[in-house]
Each structure stands twice: as C-alpha cells, then as structure tokens.
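Undergrad: Put chain B on the given structure of chain A with help from the hints.
Sequences listed follow chains A and B, in order.
Mapping to our numbering: the first sequence position 223 is 223, numbers consecutive.
With positions in the second sequence counted from 1, the corresponding number in our numbering is that position plus 453.
Don't take every hint at face value.
To be verified - Listed below are the simulated BS3-like cross-link pairs for lysine-lysine, each with C-alpha atoms no more than 30 Å apart in a straight line:
{"hint": "1", "chain 1": "B", "residue 1": "K688", "chain 2": "A", "residue 2": "K215"}
{"hint": "2", "chain 1": "B", "residue 1": "K613", "chain 2": "A", "residue 2": "K370"}
{"hint": "3", "chain 1": "A", "residue 1": "K44", "chain 2": "A", "residue 2": "K179"}
{"hint": "4", "chain 1": "B", "residue 1": "K626", "chain 2": "A", "residue 2": "K304"}
{"hint": "5", "chain 1": "A", "residue 1": "K315", "chain 2": "A", "residue 2": "K179"}
{"hint": "6", "chain 1": "A", "residue 1": "K215", "chain 2": "B", "residue 2": "K701"}
{"hint": "7", "chain 1": "B", "residue 1": "K688", "chain 2": "A", "residue 2": "K370"}
{"hint": "8", "chain 1": "B", "residue 1": "K626", "chain 2": "B", "residue 2": "K613"}
{"hint": "9", "chain 1": "A", "residue 1": "K229", "chain 2": "A", "residue 2": "K273"}
{"hint": "10", "chain 1": "A", "residue 1": "K273", "chain 2": "A", "residue 2": "K315"}
{"hint": "11", "chain 1": "B", "residue 1": "K688", "chain 2": "A", "residue 2": "K441"}
{"hint": "12", "chain 1": "A", "residue 1": "K304", "chain 2": "B", "residue 2": "K688"}
{"hint": "13", "chain 1": "A", "residue 1": "K229", "chain 2": "B", "residue 2": "K688"}
{"hint": "14", "chain 1": "A", "residue 1": "K304", "chain 2": "B", "residue 2": "K613"}
{"hint": "15", "chain 1": "B", "residue 1": "K613", "chain 2": "A", "residue 2": "K441"}
{"hint": "16", "chain 1": "A", "residue 1": "K441", "chain 2": "A", "residue 2": "K215"}
{"hint": "17", "chain 1": "A", "residue 1": "K304", "chain 2": "A", "residue 2": "K273"}
{"hint": "18", "chain 1": "B", "residue 1": "K701", "chain 2": "A", "residue 2": "K304"}
{"hint": "19", "chain 1": "A", "residue 1": "K370", "chain 2": "B", "residue 2": "K701"}
{"hint": "20", "chain 1": "B", "residue 1": "K701", "chain 2": "A", "residue 2": "K441"}
{"hint": "21", "chain 1": "B", "residue 1": "K626", "chain 2": "B", "residue 2": "K688"}
{"hint": "22", "chain 1": "A", "residue 1": "K179", "chain 2": "A", "residue 2": "K229"}
These aren't lab readings, by the way, just hints derived from the structure by calculation.
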Amino acid sequence: MKRLLIFGLTIVLLICSRGLYARVRPVQQSQIDAGTKNGILGVKIAVPEFQPAATDDKTAALTTLFNQVLWSDLEFSGVLTLVSRSFYPIGKFVNPGDVTVEDWTAPAVDAQFISFGSVRVDGGRFSAEARLWDLKNPQNREIKPPSALYRTEDSEQGARLAAHRFADGIVEAIGGGIKGVARTKIAFVSDRSGSKEIYVMDYDGNDVHALTLYKSITLTPAWSSDGEKIAFTTYRRGTPDIEILSRVDRRPYTFQRAGGTTTTPAWSPDGGKIAFATSRDGSDTEIYVADWNGRNPRRLTVNKAVDISPAWNPKTGNEIAFVSNRDGTPQLYIMDAEGTNVRRIIEDGGSVSNPAWSPDGQRIAFQWQKSRTSNFDIYFHDLATGKNVQLTQDAGDNERPTWSPDGRHLAFESTRRGASNIFSMLANGEGEVRQLTQTGKNTAPAWSGYIDN
Amino acid sequence: MTVSGRTKIAVLLVLVSALLASSCKKQVAAAPPPPPPPVAPTPPPPAPTITLRAQPATIDRGQAATLQWEARNAANVQIEPGLGAVTATGNRAVNPTSSVTYTARATGPGGEATDTARVTVNIPPTPPPPPPPRPPAPPVVRMDDLFRDNVLDVFFDYDKADIRPSDMSTLQKNAAFLRQNGNVRFTIEGHCDERGSAEYNLGLGDRRANAAKEFLVQQGIQASRINVISYGEEKPICREQNEDCYMKNRRAHFTYNP
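Bound conformation, chain A alone:
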C-alpha cells in the first residue's frame, strides 16, 4: 500500500514537472534513460567563449579557465548537447547586441540556447557577466536565473566556482528543474601519502584536499546528505571503528565506540541516523542502525554470516540494501529499515558488493563479479522491472559505484588504466568516462549531496 502511494506520488510529480516545463519551454526534454540505452536526447546549446574585459595576462588566463570549466560542466551534465564551436558564426559575443539570433538558429548551428558573456578581473574580484538566451523564445529571450553577474575571488578557484555556478544554473533552467552537480564533491580513499587516508575533491577531480592524516588505515567514506559531515572507518585506535569529521573544518564528531569490527557507515537521508556493520555483539558483522552519534544502536540482522555495506533508500529512508553471504557468496538484499522483510535482489549468483541506491530510489547500482574468473563490473538493478543493466565491461575491475545527487552520474573505482583510480560516467553508461584521480591508488569514491557554495 505504502509503495503504491509512493509510486502514485512519483507519477504525479513527474507529470507536474513535465507540465511546468512544457509551458515555459516547448522543447524536447532531456531525460536520463539509463535502463534502455536510448541515449541522451540533449537540448542543443551554443557556448561561445566568454571574452576577457581587459588584455592583461591574468584576465586572459582566468577567462580561458572559466571557458574550459563551463564547457566541461555542461558537456558532462548529461542534459545538453553542446554544438561544436567550429559551426559558430565568426565574432566575439559579449553583449546582447553581438548576438544575431538567426545566425544561431540557422541549420548550421541549430542551437536552441546560447550562453555568452564576459569576464572582468579587478579589485581582487573575478566577475563573469553571463547570459543564457532561449533562441526560440523572442518574448522571454533572456533566462534569469541563470543570467547574472557571477562574482568570486580572482583566483583559479574563483574562476572555477563562477563557471560551476553558471553551469549549474543552466542545467537547472533547461534540464527539467534538476540541479546541476558542478559544485558537488567526491570523497575517496587514497594511499598517495603512504597510508590510506580520506580525501575530498571537486566532482571533476580538481581541488583535492586530505581530510584525514592518521597514518593508519582509513576507509569507506560516507557523506551526510547535507554534504557537511563525512563518516568513515579507521584503524587508528586499533580495531576498525567509525569516526565522523566535518568536511568544512575537519571538526570531529563523536561516534560511540563499542569494539569489534565496526565499518561501512551510511547516513539516513534525513541525516539523523547511521546504518553500519559491526561484530561488536558476536562472531560476525551484522547491520545496525544508531543515532548519528552512535547512541541507541539497534541490531537489524541476526545471521551467522557476513552482513555489511548498508545503503539507505534515499528517497524514502524506509529501506536498507545490504550485502550478505548468508546464501554462500556475497549477495544483495533489501530489508525494511526496521530489519524486517528481508529479500534477496540478485538471483544470478556470482559475487555482489557495494550497493548504492539512486537518489530517486528506483535503482540500485552495485558491483558484480559474475564468475570467479571474471572482473567486477558496475551494474544497476531496476527495482520496478527487476532488470540488471551492465554499465562497464572489458575495462579492468570496476567497483564501488556512487551516485551523483542528480542521479545522472556515477563515480566508481576502476583498474582500466592500471592502478585503481576514480572515474565518473553518465549513469546510462554512455558518453565519456572521466578519470578524476591520477596519484597513487585511489578507491572508494563517495559522491556528496548538493553543496551550496
């Protein structure tokens, strides 16, 4: 009954958002259709280069960076098709008077939207005067937001942030109302310093910072849904246990210790609880749920087997997927958040690990080794149809999928180019696979929720 209700609500929401969209902009909506591999029906946008307002080197360099980041963000959004610059009319497009609509809607370019503007760097400020035009809507040509003056500090970080903000605004405006993920972050484990530590980077691999420097073994980062806190496993006090740090200022938060192997924390979608695995009460790891400070732990599984890697349904918070070898090999199960109604999801055998529930609650990504001699690959299980869709193949081991908050992307670790590194891709498995890390062995990516900055 409850599921029916949720299903109904989802349908209503979908219809509403489609209706709203259709009224404002009668263009084809891009929808991620990850299951059927129909490809992205991207809205076509022209993105001529922003022009520097001055000729100094710094302005030129930051303008170039802004243009690169904006292009990259839009291209990777999964929503848009960027028209190649080689088809653009010749000229510089800074002010509304520079843009002749017919030049951009002509068959050669055939764009439905155009973004353009200029970059100014002075007084310690980076500012981009940015416009997004709907070329097919003469009544409401300029779309606000995202058309605005984007002001940040005059650094590479500032130029990146301004581009990310504008890109997120464009994606939200013409991508069906789902926010872009250009300002999200990815936590991961790297041994680049000699020991496994937690690091945090931008979603595109830039601006990498170490979160921990414990010189121990530190694993399994997990974000609170507000993007403020990261829970993880560390051996720094002996047996592996869960700790929590603020992403912003690295402030520690207490998570009550209880001994045993305690690992794989996962935040509930409301941020109030953490599901995790621990062997504190017995001879194997079981799934527990506790308040996010570790108090009031409640055991959900009772089984003489490994039970590990819980993942909440982020849409409802009512279900938890997890891995168990109760049937012999590690397999994927779902239970209600109270520990009842346990059911196995993948029936085909092999070795299944690391479930990650999509933000809309409809799919569970996981890693699957179908036979002992095959590699791990990323799949997702569509809960409505029961189908398993393979997203990677013939490219080393591909493990630990993690969803972007828009549900359009997955990050994962892969040995496709040698040592383990973090990659990201569109959640339908198509398009470019981006390598986000290069240094050391990098594993266990965890994609943050939306972060406002």
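TA: Frame of chain A, contents of chain B only:
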C-alpha cells in the same frame, strides 16, 4: 824585687837556649836524598771507550729520537738492537714503538767498552676498547619468540571462513601451547585475498578470525585472553595476483600481546 828579677832572666835564657837547640836538630833530619827516576815500560794498547746518548730520551709513540755515539780506540762498534755495525762516531734517528735500551759495544785491541741509552716511548692513551661482546643471549627464551614459533597461522578457502580439517591439528597445537602458557594474551588477525570488495572482505576477515577464536575457545582457551581484528584485504603478506599468493593471504594470524 831586685833578686827575683835576676832569677827571671836566667830562666828565660835557659828556655831560649833550649828552644834554639831543638830547632837545630830538626833541620838536619829534613834533608833526605832524591829518589831515582822510574824506568819507562812498553805502553799497552789503549782501552776503547764509547759513549751513547739518546736525544730526547723520552718520545711519544710515532716520534723519533736521535742516538748519538762516540767511540775511541775501537775497531768495531755495534749498537743493538736494530742498528748493527756502525761507524765509530755518528748519529741515527730511531723510531722505537715501545721503550727500549740501546747498547753500544765498542771493541778494539784494547778491549771492549759498552754504554747504554734508554729511549722511553710514551704510548698515548688508546681509544676506549670496544665494548665487550654482548653476553650471549640469556638462556631465558622470550615469550614472543616462543609464541611465534608455536602458534601458527591457519589458512582458508576462497570466500570461506570455515576451519579446514587439515588446519585443525595446527589449531590444536596452538591451543596446547596456549593452555601451557595460561597468562599469554593474544590477537587473532583475520586476512583476505584481494578479490571481493574491500568492504565485504572486512566482514570475511572478521569471520575468519572469529572462527579461529571459537575453535580455541572450544579447546579450553578463555575468550577473555583473545582479541580479534579483521584487516580484510588491507594487509596482504603477498602482493602478486596469483592463486599461490591469494592462498597465503587468506589466513588467521596470531600475534602475542605483551
């Protein structure tokens, strides 16, 4: 007074006469004849002489001293030790490493003469002698060594945490040692090969360590003596990607807790 005066003069005269007479007798006795000159014999060959000196007489080790000698009436001069036959007069630098007495011997027709000179060599304080070799290990055997030699790893099949029948005797021997050493506390580490997810392997390693613990407890080892930790695939002892290596990594390893 007149009479006595005459007497005195007479006595005085007698005394003077007597004195004079005695002096005359003496003069005669002091005039003997001179002795005859000696007859000159054939002169014998002169006896050799030699002097030997060391300058300086005291040196530090490594420095030199000069021996100087002068012999007369010698046909042959020898200085020992070390110099052998030398000229009658000369000097020579010597560099003895320890104190020594040089003897110079001069021989000639007139006989032989010797002289000695000592050179004292100061030996500088030697660097402190190397510490005496460590005393041989005390016969007491250290418990961690004993533990390492007697409590052996057990191994697991792929993706399994069951004690293999072939490993039960190892665990029984481990238990026997641990029963005999009832104060020993220890940790069982559970390890996995790199296949499977790192998270699942944390759980699997935990199961393996606990399987070994349960076996020991059944053998009478108190559970309170045993600490358990899973390292999953984080601490392989072998890093190649082949079954030989994987096999070595799938283990329960025992460490002594001092």
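Undergrad: Indicate, hint by hint, whether the structure satisfies it.
TA: Do the hints match the structure? See the list:
{"no.": "1", "hint": "B:K688 / A:K215", "verdict": "14 Å, holds"}
{"no.": "2", "hint": "B:K613 / A:K370", "verdict": "18 Å, holds"}
{"no.": "3", "hint": "A:K44 / A:K179", "verdict": "18 Å, holds"}
{"no.": "4", "hint": "B:K626 / A:K304", "verdict": "27 Å, holds"}
{"no.": "5", "hint": "A:K315 / A:K179", "verdict": "16 Å, holds"}
{"no.": "6", "hint": "A:K215 / B:K701", "verdict": "26 Å, holds"}
{"no.": "7", "hint": "B:K688 / A:K370", "verdict": "26 Å, holds"}
{"no.": "8", "hint": "B:K626 / B:K613", "verdict": "22 Å, holds"}
{"no.": "9", "hint": "A:K229 / A:K273", "verdict": "13 Å, holds"}
{"no.": "10", "hint": "A:K273 / A:K315", "verdict": "15 Å, holds"}
{"no.": "11", "hint": "B:K688 / A:K441", "verdict": "15 Å, holds"}
{"no.": "12", "hint": "A:K304 / B:K688", "verdict": "25 Å, holds"}
{"no.": "13", "hint": "A:K229 / B:K688", "verdict": "28 Å, holds"}
{"no.": "14", "hint": "A:K304 / B:K613", "verdict": "13 Å, holds"}
{"no.": "15", "hint": "B:K613 / A:K441", "verdict": "27 Å, holds"}
{"no.": "16", "hint": "A:K441 / A:K215", "verdict": "15 Å, holds"}
{"no.": "17", "hint": "A:K304 / A:K273", "verdict": "25 Å, holds"}
{"no.": "18", "hint": "B:K701 / A:K304", "verdict": "25 Å, holds"}
{"no.": "19", "hint": "A:K370 / B:K701", "verdict": "24 Å, holds"}
{"no.": "20", "hint": "B:K701 / A:K441", "verdict": "23 Å, holds"}
{"no.": "21", "hint": "B:K626 / B:K688", "verdict": "25 Å, holds"}
{"no.": "22", "hint": "A:K179 / A:K229", "verdict": "21 Å, holds"}
Checked against the numbered hints above, the structure breaks none of them.
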